[in-house]
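Novice: Chains A and B supply the protein sequences, listed in that same order.
Counting in the working numbering, the first sequence runs from -14 upward without gaps.
Counting in the working numbering, the second sequence runs from 138 upward without gaps.
It should be emphasised that the hints constitute simulated quantities derived from the structure, not laboratory data.
Treat the hints with care, since some could be wrong.
Here chain B is said to cover these stretches of chain A; the calculated rule only asks that three of the stretch's residues, wherever they fall, bring their Cβ under 8 Å from a Cβ of chain B [stated by the list, open to error]: (1) 23 to 32; (2) 69 to 83.
Between beta-carbon pairs, the in silico distance windows are [unchecked claim]: (3) A:T139 x B:Q215: 45 to 55 Å; (4) A:N47 x B:Y175: 20 to 30 Å; (5) B:D238 x A:R15: 24 to 34 Å; (6) B:K280 x A:L71: 45 to 55 Å; (7) B:L224 x A:R15: 14 to 24 Å; (8) A:G166 x B:A257: 16 to 26 Å; (9) A:A7 x B:Y175: 28 to 38 Å; (10) B:A194 x A:N163: 41 to 51 Å; (11) B:T260 x A:Q102: 21 to 31 Å.
Listed next, the in silico BS3-like pairs over lysine-lysine satisfying Cα-Cα at most 27 Å (straight line) [to be verified]: (12) B:K280 x A:K158; (13) A:K116 x A:K158; (14) A:K75 x B:K196; (15) B:K206 x A:K10; (16) B:K204 x A:K154; (17) A:K10 x A:K154; (18) A:K144 x A:K55; (19) A:K154 x B:K179; (20) B:K206 x A:K162; (21) B:K204 x A:K158; (22) B:K206 x A:K75; (23) A:K144 x B:K196; (24) B:K206 x A:K158; (25) B:K219 x A:K154; (26) A:K75 x A:K154; (27) A:K55 x A:K118; (28) A:K116 x A:K162; (29) A:K75 x B:K280.
Because the structure is a prediction, the values reported are computed rather than measured.
Note that CB positions come from ideal geometry on N, CA and C, so glycine has one too.
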Amino acid sequence: MNRFIPLLVVALFIQVGCGTPAAYKDPNGRDLVVSLDQVNIQDFASAGAAMLQSMSNAPALNQQPPAVLKLGTVTNDTTVNFDTSLLLSKLTVPLVNSGRIVLLETDAAADAARQAQGAQGQVPQAQLVLKGKILEDRANAGSTRQASYVFQLTLVDVKRGVALWTEEKIVTKQGTKNSVGF
Amino acid sequence: MKNIFLFIVSLLLVGCSTVIKIGDKVERAATPPDAVNYVTTKPDGSYEVQLSDHRFAGKLFIVSIRKFKNQGGFLQVQCEMKNGSFLRQDFNVSFEFLSADGRIVEAQRNWDTIQLEPGAMHTYTATALRSEAVECRFRFLSK
Chain A
-14 MNRFIPLLVV ALFIQVGCGT PAAYKDPNGR DLVVSLDQVN IQDFASAGAA
36 MLQSMSNAPA LNQQPPAVLK LGTVTNDTTV NFDTSLLLSK LTVPLVNSGR
86 IVLLETDAAA DAARQAQGAQ GQVPQAQLVL KGKILEDRAN AGSTRQASYV
136 FQLTLVDVKR GVALWTEEKI VTKQGTKNSV GF
Chain B
138 MKNIFLFIVS LLLVGCSTVI KIGDKVERAA TPPDAVNYVT TKPDGSYEVQ
188 LSDHRFAGKL FIVSIRKFKN QGGFLQVQCE MKNGSFLRQD FNVSFEFLSA
238 DGRIVEAQRN WDTIQLEPGA MHTYTATALR SEAVECRFRF LSK
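Based on the provided sequences and hints, a complete structural model is requested.
Specialist: Now the structure itself:
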């Protein structure tokens, strides 16, 4: 009996005393927090990377000169509040930087510049619009919770009003509590 | 009997997550320091498999690598893999594209998680965004 008392004391210390101090983590690494009740940064990265791989094969993105893309509305239809540019930037950053598309800026300065250029007929027009929706589905079985986030994106040809590419990516997480790592 | 009960209680106090973490650390410690988990395509059409992490041994098998150009003329590589074990295997895959002079011209930094049932095969596809990408290096990370 007495032999186990030190062991119990040590176990209690491990249970109670070992907090984890804050530390920097690789945002693409395997030690990130996985939440069951919200979309994590790695979920956007995973969905965005899958979308990018699919989208890069669309003929509209394989043309020269590169097509002019305008970002449309991505509806957040989940219970969690987040900026949808977290998803869109995973597509636009590599596509713009690799020269596969030209992104039409929509801020006030860009609009003013376009108006100034308008008289000379050099106003770039959006050829493609990227729009989408993010949905959520939840299920429980006993204490096990499951959250699925559905990312849907569509690339629309502005002139014809038809979808040239569309994709859906589902990220599903399951567990009884939030954890660290995948 | 009491002693066994106390021992089990002490294990519970330590917590499951700690036990898993210790197991993970032991596995990592047993992995050779020069372990790399790469599959790289070569200019002659063949590929080189470097899976020296023992956690993949007897589990993950590279069946074939197919390298071709897509409609836009960009490199596309398909890696066909198989779970050769008797248990379901979870592992992570990512990739980098290399230029002809060996530079990494683009990379997917995040990991794609793949779950393979025993004996199941999966084809993982990587498509380059830049025309200078001529070879692909798949990266693997065990769970």
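Novice: Evaluate each hint against the coordinates.
Specialist: Okay, the hints, checked on the actual structure:
1. Interface restraint, the stretch 23 to 32 of chain A with chain B: holds (3 residues with C-beta to C-beta distance below 8 Å; minimum three).
2. Interface restraint, the stretch 69 to 83 of chain A with chain B: holds (3 residues with C-beta to C-beta distance below 8 Å; minimum three).
3. Taken as a hint, the range 45 to 55 Å is violated for the pair T139 (chain A) and Q215 (chain B), whose Cβ atoms sit roughly 26 Å apart.
4. At about 28 Å, the beta-carbon gap between N47 (chain A) and Y175 (chain B) stays in the expected band of 20 to 30 Å.
5. A beta carbon spacing of about 31 Å between D238 (chain B) and R15 (chain A) agrees with the range 24 to 34 Å that was offered as a hint.
6. Checked against the hint of 45 to 55 Å, the C-beta distance between K280 (chain B) and L71 (chain A) comes to roughly 25 Å, which is inconsistent with it.
7. Hint check: L224 (chain B) to R15 (chain A), Cβ distance near 20 Å, so the stated range 14 to 24 Å holds.
8. At roughly 24 Å, the beta-carbon separation of G166 (chain A) and A257 (chain B) lies within the given 16 to 26 Å, and the hint holds.
9. Evaluation of the 28 to 38 Å hint for A7 (chain A) and Y175 (chain B) yields a pass: the beta carbon distance comes to about 33 Å.
10. One distance hint, 41 to 51 Å for the beta-carbon pair A194 (chain B) and N163 (chain A), is violated here, with the actual separation near 32 Å.
11. Evaluation of the 21 to 31 Å hint for T260 (chain B) and Q102 (chain A) yields a failure: the beta carbon distance comes to about 47 Å.
12. Between K280 (chain B) and K158 (chain A) the alpha-carbon distance is near 16 Å, which keeps this suggested pair within the 27 Å criterion.
13. The straight-line distance between the Cα atoms of K116 (chain A) and K158 (chain A) is roughly 25 Å, inside the 27 Å bound, and the hint therefore holds.
14. A hinted pair counts as satisfied when its Cα atoms are at most 27 Å apart, and K75 (chain A) with K196 (chain B) does not qualify at roughly 32 Å.
15. A distance of roughly 36 Å separates the Cα atoms of K206 (chain B) and K10 (chain A); the hinted pair therefore is violated under the 27 Å criterion.
16. Between K204 (chain B) and K154 (chain A), the direct Cα distance comes to roughly 25 Å. Compliance with the 27 Å bound is thereby established for this hinted pair.
17. Taking the CA atoms of K10 (chain A) and K154 (chain A), the gap is about 25 Å. The hint holds against a cut of 27 Å.
18. Distance check on the hinted pair: K144 (chain A) and K55 (chain A) sit about 13 Å apart at the alpha-carbon level, within 27 Å; holds.
19. At roughly 31 Å between alpha-carbon atoms, K154 (chain A) and K179 (chain B) are farther apart than 27 Å, so this suggested pair is violated.
20. Distance restraint check for K206 (chain B) and K162 (chain A): the Cα-Cα separation of roughly 44 Å exceeds the 27 Å cut-off, and the hinted pair is therefore not satisfied.
21. For the proposed pair K204 (chain B) and K158 (chain A), the alpha carbon gap of about 33 Å is over 27 Å, so the pair is violated.
22. The hinted pair formed by K206 (chain B) and K75 (chain A) meets the criterion: a straight-line CA distance of about 23 Å does not exceed 27 Å.
23. Straight-line distance between C-alpha atoms of K144 (chain A) and K196 (chain B) comes to about 51 Å, which puts the hinted pair past the 27 Å bound.
24. With a CA separation close to 35 Å, the supplied pair K206 (chain B) and K158 (chain A) exceeds the 27 Å bound.
25. Our distance criterion of 27 Å between C-alpha atoms is met by K219 (chain B) and K154 (chain A), whose separation comes to about 23 Å.
26. Taking the CA atoms of K75 (chain A) and K154 (chain A), the gap is about 14 Å. The hint holds against a cut of 27 Å.
27. Under the criterion of a C-alpha separation no larger than 27 Å, the hint pairing K55 (chain A) with K118 (chain A) is consistent with the structure, at around 16 Å.
28. The suggested pairing of K116 (chain A) with K162 (chain A) is violated, with an alpha-carbon distance near 33 Å, which exceeds 27 Å.
29. Between K75 (chain A) and K280 (chain B) the alpha-carbon distance is near 24 Å, which keeps this suggested pair within the 27 Å criterion.
In this structure, the hints that do not hold are numbers 3, 6, 10, 11, 14, 15, 19, 20, 21, 23, 24, 28, in rising order.
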